[in-house]
Amino acid sequence: MSFNISNSTNTSSLMNEIRFILFLTLQIPSIICSLYIFVQYATRSNLRQSIHHHIVLVLLCSSFLFVAIPVSASEAFFFTATVRPASYLFCSIWTWVHYTTNIANLILMSFSCIERHLLIFRLNPLRTRFRRIVYHYIPIVLCLLYPALFYFILIFLYPCEPVYDFSQLLCIMPCYFMNIPIGNFDTFVNNWMPIFAIPLLSLALFARFLLQKRQVHIEIFQWKRDRKMVIQLLSIACLYFFMWAPLKSVSIYNLVWRVKISKQFQIDYMFVLPYFIHLFYPFVILFTNSEFRRKKPLQPNPIAPIHPRGKTWAIQRSNK
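Residue numbers (the working numbering): 6 to 325.
If you are wondering where the hints come from, they were derived from the structure by calculation, not from laboratory data. Computed from a prediction, not measured in an experiment: that's the story for all the values here.
Each computed DMTMM-like pair below joins lysine to aspartate or glutamate, with the alpha-carbon atoms no more than 20 angstroms apart:
#: 1; residue 1: Lys253; residue 2: Asp273
#: 2; residue 1: Lys253; residue 2: Asp191
#: 3; residue 1: Lys229; residue 2: Glu296
#: 4; residue 1: Lys268; residue 2: Asp170
Please model the complete structure; the sequences and the hints are all you need to start from.
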């Protein structure tokens, strides 16, 4: 019995060491890449003015926040094998930031899939200011506010006894999961619906794009622009799907079969997979958008006329 406990402890320590090194190795380049893209947005007005770049930027901000806070807190846990500071308040704040950024990211990505359908297959769907506000800016704000308020209420205000475990990553879970209806709503609506919607909407966009190319004559410039948008969306969708699919597949397996996969196995091997979405996201954006790698064009420097001592020199064109 003591041998099994010792073996389990050694395995857990090794996994924590591997995850700490892996996360730290990816975190630094990810932050640098994100900062580079932020600079590109700040210095290039054409990127800021393009509607389809807005959600890309908001998703990058969300991922940057996740890499800066939850990933750093997780690295501290992997290094010490315990939550520090070991307080309910710290666990609540960590959990709130983690859940909010993760779910906001999922919902935003789902909305991005829907919006790409409109931008590619509708003629100027957001051409007026009113439409941009109603169909573009307000949905983005709601995608950010909903998870922030939802998890703030359930983590900080919901009346239940905390069940945090300081020896587990993310203090294991908030106490509202003890209420089965609320826990099921959170799992199905905030997790499963966007996770399954993202690949389905992305594949539908790709299929519609191929059909449009065959059936309708499209200008070369428009076709190249649409192709870039489709490729970028598919690349991001694949990242989301492959990082979330293992964890959710285990959840479905536990619902269907009597033989369950242990919670500890999920925490050790699958719970951290969605972290890689945020770590890899800036690289996917950088490599799927050539505008970020293109040098900024030099602005022409106009030459002013010379006026020496009240006289004007001018070059007159010969009429010969």
